[in-house]
Amino acid sequence: MAHRGTPPDDHLAPPAPSEGLDRRRFLTVLGVSGAGAAALSGCSTDKVEKLIPYLVQSEDQVPGLPTVYASTCTECAAGCGLHVVTREARAVKLEGNPDHPVNRGTLCARGQAGLQGLYNPGRLRGPMARTAEGRHEPITWDDAMARLAERLRAPGGAVAALSGAGEGTFADLLTAWVAALGGQTVRWEPFGHEALRAANRRVFGLDELPAHDFAAARHIVSFGADFLETWLAPVEQQRGFAEAHGFRDGQMAKCVYVGPRRSLTGLNADEWLATAPGTEAAVALAMAQVILAERSGWPSDASALRPLLAEHTPERAAERSGIEAERIRQLAREFASAQPSLAVAGGIAGQHRAAIEVCAAVNILNYVAGNVGTTVRFGARLQAGDGYAGLQALQSAMDAGRVGVVLVHETNPVYALPRAAGFAAAFAKVPFKVSTASVYDETAAACDLILPAHHALERWDDLRPRAGVHSLMQPVMEPVYDTRHPGDVLLQTARAVGGPLAAFTAPTFEAHLRAAWGEVARRRGAADAQAFWREALRRGGVFEEAPVTPVRLAAGAGASGATPALDGDGPLTLVAYPSPMLTDGRGANRPWLLENPDPVTKITWQSWIELHPDTARTLDVREGEHLQLTSPHGTVTAPVYVYGGVRRDVVAVPLGLGHTEYGEFAAGRGVNALDLLGGADGNGFLPYCSTRVVAAKVRGYTKLAKTEGNPRQLGRGIVEAMPVALAARGLTVKEAYEAMGHPHHELNPESELEAIEGWHQAQVEKQKFGAYAEEHPKWGLAVDLSRCTGCSACVTACYAENNIPWVGEEEVTRGREMSWMRIERYWEGDEDGAPPEARFIPVMCQHCDNAPCEPVCPVYASYHTPDGLNGQVYNRCVGTRYCGNNCPYKVRYFNWFAYAKQAFPEPMNLQLNPEVTVRARGVMEKCTFCVQRIRAAQHHARLEDRPVRDGEIVTACAQACPSGALTFGDVKNPDSRLVATLANPRAYHVFEEINVRPAVTYLAKVYHGGEA
Amino acid sequence: MRKVAVLGSLLALGTAGGILLASRPSTAQQGPAAPDSLAAPALAAGDTAALPGPRQPIFFRHDIHAGQFKINCQYCHYSVGVASEPGIPSVETCMGCHLVIAGSDSGGRAEIRKLRQFWNDRNNPDAPRLEWVRIHTLARHAHFPHMRHIKAMGPAACGTCHGDVSRMPQVWEVNNVNNMGFCIDCHLARGVSRDCFVCHY
Amino acid sequence: MTAIAHEPAITQTHAEVTRDVVATLDTPSRGYYIALFAAVGMFLVGLGTFVLLLKDGLGLAGYVPPVMWLVYITTFVFWVGIGHAGTLISAILFLFRSPWRTAVYRSTEAMTVFAVMTAGLFPIIHIGRQWIFYWLLPYPNQRYLWPNFKSPLIWDVFAIGTYLTVSTTFLVVGLVPDIAAVRDKVSGWRKKLYAACSLGWTGSDNQWRHYTRGYLYLAALATPLVLSVHSVVSWDFAMSIIPGWHGTIFAPYFVAGAIYSGIGMVLTLLIPLRRVLKIEHMVTEYHFDNLAKLTLLTGSILFYAYLMEYFVGWYSGNTFEQTTFYRRALGPQWWAGWAMIICNAFVSQLLWFKKIRTNLTALFVISIFINIGMWFERYVIIASSLSNDFVPYAWGQADPTWADWGILLGSFGWFLMYFLLFARTFPIVAIQEIKEMIPYPRRKGGH
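Protein chains in written order, with the numbering used here: chain E, 1 to 1012; chain W, 1 to 201; chain R, 1 to 447.
The following block holds chain E by itself, in its conformation from the complex (with noise of 0.2 Å):
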């Protein structure tokens, strides 16, 4: 058929699927209807498509619509609940479960990425085995199961298991299979809360991780936990931080944050307290001594603890800690007075040997401030792993050579351990080593056998995060490839082996399943355990409150201000912190991750190293250039980034990258900073914040991947933010400006709102005429900056649901990033060498009333929608540019290469949203406000003769944000939620004075402290 009416583009859609894919899936694929090939095939002209019909009609799948299954989260220990959405029976987008209490409806920017895992192009297509010169290569599975089998009939030495921390089903049935061969099983993660735990086991006798109530807690102290980025459950924690920080009814909690790196978390908090690394402790120690000393009202016992704390005075704390003691006591007595307060320790005060002290010390300030059994609740049991003391236990078996078969599932110790640690050596002895990575990984490569594992999306299973939460996992595709489920894998051996493994008689895993939840359903009384599994199937599992234990002071509760001991003596203390992004590496082969921007340096697909301003200039190093850091252990060089949040004496480098395995994406990008850390030494985990470094600049210079151009908003009023004392008083932002003494950024004089009234009458009425004069809803977002923490989950959202084409590291130096949603941030002070503050904002096309874009356009590709939106029509764009220039946000991206060519490689072309038009090379494109999203609604409204509901359409970015910072809604119907947020005095529109316009409205940030 010839092209009549459309332009020559065969990449205005993703590109079709190839050979490559395997004919079942093909079938799933394509083989539903039109839309199956609308979403696959080019914008065909003269290729012949093929319709494939279902030979036998799906249930639940209707071409064109999409389905929604339940299914959880695996990228991190936290547990998420997942609605995965599906099309023509592809999976093309995770959203958080609204029913699931862990994230109540959200997802961070890694559980997103959980996409990318599924359609990864480093997915091994097949099982592997490794021949005598040492390469793998692919077998079939009955060979692969043969050996296995034939192996464990004779191990040959004890059998083991090392697997991640996920507990449930599988995790069970794995324990009994291996326990049946005599062997054991460890569940290790890394930054596995072992200091935590154990601190809890002395201070309260329990050994476990309790659940914290952010959302309670009316001052929040952190002693180095990033309770937003990565530290326990990071969707949950930022839900409950964002009810406690932002803005309500005039006031908002105070959040203090204690460490030697200001963390994403740091830069939320109202105030960073830069201690020294690993005097943590004595600061929370001398908290608690203050308030045991001044006020009343602490539990009884915790009068146990003077003589304990006698001696950790303030000013003993601030000559460790470098705080000065009226600032400690002061924090103290805030902390005290606000009742409930919380205080939490983790990351790098997790990280060095004196952490137990460090999270010891920090519970007993929790007790006496009455906050255990409040804000720090236990008997939530969060799951967590059998730590490193386990992994340890079984490295030294290995060692000894007294395992003979060992089985690794979900996770990859031979990258994300130090080399000075030795697993890989102990490792290697193992004769007959088993992997189930779904992804060529380090540890894979270690091994003999690889059984690639069903991505979690493609597989039964259930997980049990914490007491009260089970929750489930469907498979909702077809599998990309030719793997298995690890369960079926165990289930069939044991079937083969029999003997010791008779016992496992279950057909499947499915079965097994099943039957584990048959038995859950008669421990809860179900009558119908059929009817239970559906709803349980439906909701994502089964969720009730935890049990709340109360606990009181053990005997010998207490903790020391003992400073750690620190390897090397370099003049700089390493701090080595899980990326936000990329956490201990598992997130480096995804583009999401690698291509959104670390939230606190924005730099994107690198490897970076963190120096003070007065370090770098001692050092003479400038931004790019090459350090090299050597500790005792080894050495890392990587370009420097000059960052006013680390204290002089600390130098701080991201983990997640320097993969040498693990896929296209990862392999060979940036370096590992593990390399620079030493072994554990007997305290049961592994301090990653333990070498002194000697910093050495070396030859050689990196752009920087930073998707930032100038970090200053030179008075622009781009994030505007006000006192909490002002904000209390209902002041708007040109008030409060006034209030603070300052002037406010340049606005429009008398002169100019006279002619801006007039033009404005004159839009109106040209709004009378054509298809702008019936009545049309306007669309309008409301983003609440005193939520906002910068996370970036909206932006992962965003790619997600739009199609937005990763465009790699060296376009982004070329400041050529597609990201239609970008979190700026802006730092504050800092000139005076004080600790530069934060402001973060997420900037979206702000589909202005009066949009400088419009006009420009010589071809109406960008115009003005009756409904108020700013339309982009990609294939009416010749590609001229003038809208890009002359839009004041620079929120317009234009296609220089062929970018959705390259950014979805098969089959990463599966999850693309066939809603949405793939832009082709030499157009421009922005957000629509996910515009696709607005008709669905509409389409589906219109069937049932009703208006779209206030709350039916929610953008990518607001269905994603943990915070709840952002409200779409429609401006001109009056009850909305978002005309509600619009008349919060705090509002106001970015550089209001151009008169463009936006759509969007910012609500101030309000902050602690600075009041006038």
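Calculated directly from the structure, the hints in this document are not laboratory data.
For each residue, glycine too, the CB sits at the ideal point set by N, CA and C.
Hints may contain errors.
[What the hints assert, rightly or not] Cut-off 30 Å, straight-line C-alpha distance, at most; resulting in silico cross-link-like pairs (DSS-like, lysine-lysine):
id : chain 1 : residue 1 : chain 2 : residue 2
1  : R       : Lys-278   : R       : Lys-150
2  : R       : Lys-278   : R       : Lys-354
3  : E       : Lys-50    : W       : Lys-151
4  : E       : Lys-778   : E       : Lys-768
5  : W       : Lys-70    : W       : Lys-151
6  : R       : Lys-150   : E       : Lys-768
7  : E       : Lys-766   : R       : Lys-150
8  : W       : Lys-151   : E       : Lys-768
9  : W       : Lys-70    : E       : Lys-972
10 : E       : Lys-778   : W       : Lys-151
11 : W       : Lys-114   : E       : Lys-972
12 : W       : Lys-151   : W       : Lys-114
13 : R       : Lys-150   : E       : Lys-778
14 : E       : Lys-734   : E       : Lys-778
15 : E       : Lys-901   : R       : Lys-55
16 : E       : Lys-703   : R       : Lys-55
17 : E       : Lys-778   : E       : Lys-972
18 : E       : Lys-972   : E       : Lys-768
19 : R       : Lys-185   : R       : Lys-278
20 : E       : Lys-703   : E       : Lys-901
21 : W       : Lys-114   : E       : Lys-50
22 : E       : Lys-972   : R       : Lys-150
[What the hints assert, rightly or not] Coverage of chain E stretches by chain R, computed from C-beta distances (three or more under 8 Å per stretch; other residues unrestricted):
id : region
23 : 708 to 719
24 : 806 to 817
[Claimed, not checked] Computed spacing ranges between beta-carbons, pair by pair:
id : chain 1 : residue 1 : chain 2 : residue 2 : range
25 : E       : Lys-697   : R       : Pro-332   : 19 to 25 Å
26 : R       : Trp-131   : E       : Asp-249   : 56 to 62 Å
27 : E       : Phe-769   : R       : Phe-96    : 46 to 52 Å
Could you slot chains W and R onto chain E? The hints should help.
Just chains W and R now, with coordinates in the frame of chain E:
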């Protein structure tokens, strides 16, 4: 969906009798059907070359199903009323009727045998799959919500764009659906939205 | 001084003039061929670059958002500017009956046409989807879609189109009698060619009467274009809200700049050309002196405009404007900003000195400075204004790549190629107008 299938097969059984009566050789021998005649012309697969439109793996006769037997479009194109995609019938749906209907003439029987072959091979992963040749392929940068048009213009609206398939032994593209003017004319005539962003996003 | 104040008496007969001019069309020197091959080579470089742009996309060029316009638009404006001297000299000076134009106007007119032809390529090279550039033209189509007449880019399309048409007509009409003269002097296939081009010109009184009238009207028609076209081009910028673009002085500022750059290019071309074509006695110091004065005038207007830009930037009290102009002078691209001011504002002031105005070597050097300076002016206005506008977070510095320079080089090749070919094929000096200036024989050698 199952319910539909059951109802469908009943309806099919009913019509089956009708066919045996209606498709007497005499009527079957007539040339191309007159507009008001119910009977569709008898054609062998061999004749398809002469017909407009691409040749399909199975010589499916819209003129027989939609024309002669007046089977509702939505019986096969099941999602057209609820989703943007019309949907094409699964082989299962076809077999709902063709379990019992073997065809009236040799040509028809041959084609139905092909269909049954696909059905019988349904559990054989290596069997060839049924691949219809797509006739209406809307450019990917245009979104056409079928359900909105069915809702507005009723279930019989299909012909507005697709032509009278009930008279087509082999379906061809009557209107170029990629001709934007074709859409605009209609939208102008009916005074409905001509906002670009309604279809292009 | 007075010796040159009025035009030099031409001491030749009509026949000699014709002979000399026709001589320029004879077998050219080796220098000419070298120049021509160089031009063609440069053009091929540009062509190759464009092919790569088509293949891979505009990403090859040095765009760094928010700088979404760079060398291509810069060069576009540059060439449109060049195109202005021609019409000014041939039309306006014709209307003002300023006699010194005669010797130079033909070459400047040719330059105009070819410069506009060059400029015309750039909108196409510059856009993201070059293969649908025609969507910028209003034509009936089945989509019922029309271009947006509110967009300055569409005004551009019309402005350039009109200017190309008129200036071409003007050139061709002016050529007719001369071609006829040449026709009568040559033989063989060339005679046939010129016979065809001369449209049957016989030089009868009747023809002359109509011809001079027509030429006058054409001149009158062309004159307003000199002002309008570059005003429209300036609105590409002035109509936007970018600090550094959004200025009311842009139209006159650009027109002055255009004429300035145009004359600069005339000097660059004419000074070598008159030697190559051995027409020193017709294009004399006297002409260059006048061109230089015009340069000085327009150059001074530019100087004023630059000062005004900075003044307004400061006086507006608008933080965006202030930042932009601060960074234009002291930002990361200060060198470009100062290149423009030195080459245009300062260098042109040297022309106050007669010695320099009449020293061709000096003039040539200055003209080169002018060309460079004017290119940088556009580069600064575009690149540096865009690189730091409203949102500091989005700021970025563009750095042109080989793809930018390739196209720039190619445009010069393309322009020179046509100009050289023209100089060989048609009389580069207006024969009949020179003749008009020849005193009557009886006054010859008088007083």
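Checked hints:
1. As the CA atoms of Lys-278 (chain R) and Lys-150 (chain R) are separated by approximately 50 Å, the hinted pair breaks the 30 Å bound.
2. Between Lys-278 (chain R) and Lys-354 (chain R), the direct Cα distance comes to roughly 25 Å. Compliance with the 30 Å bound is thereby established for this hinted pair.
3. With a CA separation close to 28 Å, the supplied pair Lys-50 (chain E) and Lys-151 (chain W) stays within the 30 Å bound.
4. Distance check on the hinted pair: Lys-778 (chain E) and Lys-768 (chain E) sit about 15 Å apart at the alpha-carbon level, within 30 Å; holds.
5. With a C-alpha separation of about 21 Å, the suggested pair Lys-70 (chain W) and Lys-151 (chain W) falls inside the 30 Å cut-off, and the hint holds.
6. Restraint check for Lys-150 (chain R) and Lys-768 (chain E): satisfied, since their Cα atoms lie roughly 20 Å apart, inside the 30 Å limit.
7. Restraint check for Lys-766 (chain E) and Lys-150 (chain R): satisfied, since their Cα atoms lie roughly 15 Å apart, inside the 30 Å limit.
8. Of the pairs offered as hints, the one joining Lys-151 (chain W) and Lys-768 (chain E) holds, with about 29 Å between alpha carbons and a cut-off of 30 Å not exceeded.
9. A distance of roughly 47 Å separates the Cα atoms of Lys-70 (chain W) and Lys-972 (chain E); the hinted pair therefore is violated under the 30 Å criterion.
10. At roughly 25 Å between alpha-carbon atoms, Lys-778 (chain E) and Lys-151 (chain W) fall within 30 Å of each other, so this suggested pair holds.
11. Taken as a hint, the Lys-114 (chain W) and Lys-972 (chain E) pair is broken in the structure, with Cα atoms around 58 Å apart against an allowance of 30 Å.
12. Of the supplied pair hints, the one linking Lys-151 (chain W) and Lys-114 (chain W) is violated, its CA atoms being roughly 36 Å apart against a limit of 30 Å.
13. Taken as a hint, the Lys-150 (chain R) and Lys-778 (chain E) pair is honoured in the structure, with Cα atoms around 24 Å apart against an allowance of 30 Å.
14. As the CA atoms of Lys-734 (chain E) and Lys-778 (chain E) are separated by approximately 26 Å, the hinted pair is consistent with the 30 Å bound.
15. With a C-alpha separation of about 14 Å, the suggested pairing of Lys-901 (chain E) with Lys-55 (chain R) holds against the 30 Å cut-off.
16. A distance of roughly 28 Å separates the Cα atoms of Lys-703 (chain E) and Lys-55 (chain R); the hinted pair therefore holds under the 30 Å criterion.
17. Our distance criterion of 30 Å between C-alpha atoms is met by Lys-778 (chain E) and Lys-972 (chain E), whose separation comes to about 6 Å.
18. The straight-line distance between the Cα atoms of Lys-972 (chain E) and Lys-768 (chain E) is roughly 16 Å, inside the 30 Å bound, and the hint therefore holds.
19. In summary, the hint linking Lys-185 (chain R) to Lys-278 (chain R) is supported, as the alpha carbons are separated by about 18 Å, within the 30 Å threshold.
20. For the given pair, Lys-703 (chain E) sits about 26 Å from Lys-901 (chain E) by alpha-carbon distance, which is consistent with the 30 Å threshold.
21. Between Lys-114 (chain W) and Lys-50 (chain E), the direct Cα distance comes to roughly 18 Å. Compliance with the 30 Å bound is thereby established for this hinted pair.
22. Of the pairs offered as hints, the one joining Lys-972 (chain E) and Lys-150 (chain R) holds, with about 29 Å between alpha carbons and a cut-off of 30 Å not exceeded.
23. Counting residues of the region 708 to 719 of chain E whose C-beta lies closer than 8 Å to any C-beta of chain R gives 10; at least three are required, and the coverage claim holds.
24. Here's how the region 806 to 817 of chain E fares: 4 of its residues keep a CB closer than 8 Å to some CB of chain R, so the rule of at least three is met and the hint holds.
25. Range check, Lys-697 (chain E) to Pro-332 (chain R): about 24 Å between beta-carbon atoms, so the 19 to 25 Å window is met.
26. Range check, Trp-131 (chain R) to Asp-249 (chain E): Cβ separation about 59 Å, and the 56 to 62 Å hint holds.
27. For the hinted restraint 46 to 52 Å between Phe-769 (chain E) and Phe-96 (chain R), the CB-CB distance of approximately 49 Å keeps it satisfied.
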